[in-house]
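Guided by the hints, dock chain B onto chain A, whose structure is given.
Chains as they are written, first to last, in our numbering: chain A, 1 to 373; chain B, 1 to 530.
Careful: at least some of the hints might be erroneous.
Said to hold, decoys possible - Only some residues are given here: those of chain A computed to face chain B with a beta carbon under 7 Å:
| id | residue |
| --- | --- |
| 1 | Pro-76 |
| 2 | Glu-77 |
| 3 | Phe-102 |
| 4 | Pro-152 |
| 5 | Tyr-224 |
These aren't lab readings, by the way, just hints derived from the structure by calculation. Please read these numbers as outputs of a predicted model, since none were measured by experiment. Glycine included, C-beta positions come from ideal geometry on N, C-alpha and C.
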Amino acid sequence: MAELRIAALTKAFGGTPILRGVELVVSSGSLVAILGASGSGKTTLLRLLSGFERADSGTIEIGGQLVSGPSLHIPPERRRIGYVAQEGSLFPHLTVGDNVVFGLSRAERRNRVRAEALLESVGLPASYAVRAPQELSGGEQQRVALARALAPAPKLVLLDEPFSALDAALRLETRQAVAAALASAGATALLVTHDQSEALSMGMEVAVLRNGVLAQVAPPEELYRRPVDAALAQFVGEAVLLPGVASAGFAACALGRLALARPGAEGPVEVMVRPEQIRFEPVARIGAVKAKVLAVAYFGHDASVEMSLEAETTPATVRVAGHMAPPPGTEAWLSVEGVVMAYPRSAPLAELPLPLAGGKPPANKPRAFTASN
Amino acid sequence: MTLAASAIGKNAAASGPRAAPVPLAAAAIFASALVLLPIGFTIVQAAGVSAGDAVDLLVRPLVGRLLFNTVGLILAASATCALIGAAAAWFVERTDLPGRKVWGVLAVAPLAVPPFISSYAWVSLSNGLQDFAGALLVITCAYYPLVYLPVAAALRGLDPALEETARSLGQTSWGCFFRVVLPQLRPALYGGVLLVALDTLTEFGAFSLLRFRTFTTQLYAQYRTGLDGPESSLLALVLVALCVACLIGELKVRGGGRYARIGAGTRRNTRLAPLGWTRWPALAGFAALILATLGMPLGMVGYWLLQHASAATSPVAPSLPLVLAATLASVGYGLAGAAAAVLLAAPLGYVTTRYPSRWTVLLERTAYLAQGVPGIVVALALISLTVQLIRPLYQSAILLVFAYAILFLPFALVSVRAAMAQVPRGLEEAARSLGLGWFAVARRVLAPLTGPGLGAGATIVFVFVATELTSTLLLAPIGTRTLATEVWANTSTLAFAAAAPFAAVMLVISLLSTWLLANRLGAVAFAGRD
Numbered sequence: 001m002a003e004l005r006i007a008a009l010t011k012a013f014g015g016t017p018i019l020r021g022v023e024l025v026v027s028s029g030s031l032v033a034i035l036g037a038s039g040s041g042k043t044t045l046l047r048l049l050s051g052f053e054r055a056d057s058g059t060i061e062i063g064g065q066l067v068s069g070p071s072l073h074i075p076p077e078r079r080r081i082g083y084v085a086q087e088g089s090l091f092p093h094l095t096v097g098d099n100v101v102f103g104l105s106r107a108e109r110r111n112r113v114r115a116e117a118l119l120e121s122v123g124l125p126a127s128y129a130v131r132a133p134q135e136l137s138g139g140e141q142q143r144v145a146l147a148r149a150l151a152p153a154p155k156l157v158l159l160d161e162p163f164s165a166l167d168a169a170l171r172l173e174t175r176q177a178v179a180a181a182l183a184s185a186g187a188t189a190l191l192v193t194h195d196q197s198e199a200l201s202m203g204m205e206v207a208v209l210r211n212g213v214l215a216q217v218a219p220p221e222e223l224y225r226r227p228v229d230a231a232l233a234q235f236v237g238e239a240v241l242l243p244g245v246a247s248a249g250f251a252a253c254a255l256g257r258l259a260l261a262r263p264g265a266e267g268p269v270e271v272m273v274r275p276e277q278i279r280f281e282p283v284a285r286i287g288a289v290k291a292k293v294l295a296v297a298y299f300g301h302d303a304s305v306e307m308s309l310e311a312e313t314t315p316a317t318v319r320v321a322g323h324m325a326p327p328p329g330t331e332a333w334l335s336v337e338g339v340v341m342a343y344p345r346s347a348p349l350a351e352l353p354l355p356l357a358g359g360k361p362p363a364n365k366p367r368a369f370t371a372s373n
Numbered sequence: 001m002t003l004a005a006s007a008i009g010k011n012a013a014a015s016g017p018r019a020a021p022v023p024l025a026a027a028a029i030f031a032s033a034l035v036l037l038p039i040g041f042t043i044v045q046a047a048g049v050s051a052g053d054a055v056d057l058l059v060r061p062l063v064g065r066l067l068f069n070t071v072g073l074i075l076a077a078s079a080t081c082a083l084i085g086a087a088a089a090w091f092v093e094r095t096d097l098p099g100r101k102v103w104g105v106l107a108v109a110p111l112a113v114p115p116f117i118s119s120y121a122w123v124s125l126s127n128g129l130q131d132f133a134g135a136l137l138v139i140t141c142a143y144y145p146l147v148y149l150p151v152a153a154a155l156r157g158l159d160p161a162l163e164e165t166a167r168s169l170g171q172t173s174w175g176c177f178f179r180v181v182l183p184q185l186r187p188a189l190y191g192g193v194l195l196v197a198l199d200t201l202t203e204f205g206a207f208s209l210l211r212f213r214t215f216t217t218q219l220y221a222q223y224r225t226g227l228d229g230p231e232s233s234l235l236a237l238v239l240v241a242l243c244v245a246c247l248i249g250e251l252k253v254r255g256g257g258r259y260a261r262i263g264a265g266t267r268r269n270t271r272l273a274p275l276g277w278t279r280w281p282a283l284a285g286f287a288a289l290i291l292a293t294l295g296m297p298l299g300m301v302g303y304w305l306l307q308h309a310s311a312a313t314s315p316v317a318p319s320l321p322l323v324l325a326a327t328l329a330s331v332g333y334g335l336a337g338a339a340a341a342v343l344l345a346a347p348l349g350y351v352t353t354r355y356p357s358r359w360t361v362l363l364e365r366t367a368y369l370a371q372g373v374p375g376i377v378v379a380l381a382l383i384s385l386t387v388q389l390i391r392p393l394y395q396s397a398i399l400l401v402f403a404y405a406i407l408f409l410p411f412a413l414v415s416v417r418a419a420m421a422q423v424p425r426g427l428e429e430a431a432r433s434l435g436l437g438w439f440a441v442a443r444r445v446l447a448p449l450t451g452p453g454l455g456a457g458a459t460i461v462f463v464f465v466a467t468e469l470t471s472t473l474l475l476a477p478i479g480t481r482t483l484a485t486e487v488w489a490n491t492s493t494l495a496f497a498a499a500a501p502f503a504a505v506m507l508v509i510s511l512l513s514t515w516l517l518a519n520r521l522g523a524v525a526f527a528g529r530d
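Next comes chain A alone, as it looks inside the complex (with noise of 0.2 Å):
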């Protein structure tokens, strides 16, 4: 296993520039990540990095070899990449060993053995080897796909969006099983996804892909409690974003005065907390503020609240759990738990819609709102 560096690539279709100057480094047997809208360029950079694109410019390396820079182009079958696609492209005319064994030598091929071991590598019974790819569900031919990728030792493993195509149960198992095998392989891999707790649970690292560049490469914690801007902070997850002051390390805003996670900023800033740092109480305490329920999205394990609050009129979204959602109109007392992060803030709010390029909306989104009053 190899590390991967790829150094200022950028690639145009057609006079629209798709990627513009990514930097990334992923250490040997790490999984990296790589989280973006639709349409961000997540699947062009995979196709760079596995050769089936040519970049324009920018270099590659993998290992230390450099496999794609200027003038220089090595083929795909030349890179020792290991490729699993979102539909897992199974070769329908081959049984699941012959798919497993493909690209080994043709003496490896003919050792039962090895496609067998390597099926169960991936969680999958050795059974499984005579049967025909269609018999298999869309996780098995997914797992199918990852062991025929690790087969001839890649150097590196590109996963393009390898669970999107599954239902949701199905997903958090295929995720789990794909996370142990690559584990166990000891393979640097690369994973691109437009799911955000696909991203933040699977990878060591998370690099946000934005308008043809890494926004943010940082762990999942870092990224999800320390995004470097509002709109990251938005795409990430939940966030309540609210105008405030910073000075000598506080925020003041209409959530009161919240200790910054990364002192420094100072003036006008746009405080970003998280719905679940935010404590929903009944009665006063001190540094909580005033607020009432407006509206409540219930969804069984918790539930979404929006509070209006008193000093702002943009409401906030409060996370409860699910016993204890309160009715529409509920009086409660809002306090703000850690530290916050505060943005620099030129324009005024109401200014700054925050759109990522073609981006979803954050997942767990309320689905509908109870009727207020």
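Okay, now just chain B, sitting in the frame of chain A:
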């Protein structure tokens, strides 16, 4: 050619993600250029005639008569084929006609009978069936399935909800038919009729036996009498222009889905109209139709087989070695022609499915143009070309195989393209990421997956070549006799019994291949798609 190939590459790079590799693009361009060769050469030859002479040559009673014959036959045959084809399709698809599935298969089967074999059957029955009436009868029998197939497919594809809506809006069943069903069938009907017109324009053998004069028979006669100069080229161009007009019309009418598939798809559950007592006349009509289209050729060939050959004033009595030699020649050329056509079509099909761009569409259209070039025009152009420029190729087996490949490239291309389009690009990429070079990808991924489709294409070309008459007659090396040329030679001298064994073998080859196509290759090709 390399220059043009890189032009294709550049354009693909600008509009899409990838560019076709130069050798592949060159092979595709070669295939398309081959189709243009006979047309181009015919134009060059005709250009030798001055403008004034050209007008004199074209505006004369002979051309008028040929036009009158051809256009008159096309109009009459269009009407009969449209009527019979559409009616048969409606009865099979939309009524409770007893045994309609069997009738559906039988209604398509005449396509497997070469028109000049039906021609032979009718001519040998009665000398009265000649000229216009005979031609109309034979053409209708041979080509009405070209209307039947698309109309039946369109009827299957019609949304029954539309008819139900029309009925709920107060239409009677007749009103519904004329105001809802018929307008939706119009593209299929027009497309089929244009194909009938195209095939009527290019047919030679059937008209030759019926002594009905059209452009093709006139071109042949001029060649035989040594009058094949620029005048012939001019006449050939008039014919090509008529054909290309039909081809373009057909392309326009049917848009993308130009080719009717035989026996594909499942039947929708539409409500079948109860026939009541009218089922008896309908059944009688179908019986008469099948009797005329299948019973006649099969029956007459069978009858003449039983007659003693000497009873039939034959110059050379057919012997087993003769029949065997002709069969081997037909099969051999059929295999060679099929291989050549598929080999030409493969790079073309790959480039057009994998690197779609304006240029590759142009290449594909060019290849389909071969459908609008009659065999006699291709043969005459290749004869002039080789006699004037490449003498050693004249009357060589290679030249004949080239002619077959040009004539039947469109049929091979349709199958190859469909097969290639069924293989997702992701499979090739998966194989390459696993370390396979392009040749290994072709051998281990493309070949097994496109095999059935390529086999189907090769089988279609094989049938056409094994029963081809016109270019074989003109281009075959001296001494080479195929089944088709033997039938033609014997029938021309009224030696019907002598022609029978050759005609019988032809029918067997044709029907067997068609059966293979429908039942085996078709099934495999469709099973591969999920």
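Right, here's what the structure says about each hint:
A hinted interface residue such as Pro-76(A) counts as satisfied when its beta carbon comes closer than 7 Å to some beta carbon of chain B; here the least separation is about 4 Å, so the hint holds. Below 7 Å, beta-carbon pairs count as interface contacts, and Glu-77(A) has one with chain B at about 5 Å; its hint therefore holds. Residue-level restraint check for Phe-102(A) holds (minimum Cβ-Cβ distance to chain B is 6 Å; threshold 7 Å). Interface restraint check: Pro-152(A) against chain B, minimum CB-CB distance 6 Å, threshold 7 Å, status holds.
Interface restraint check for Tyr-224(A): the shortest CB-CB distance to chain B comes to about 32 Å, outside 7 Å, so the restraint is violated.
Checked against the numbered hints given earlier, the structure breaks only hint 5 and satisfies all the rest.
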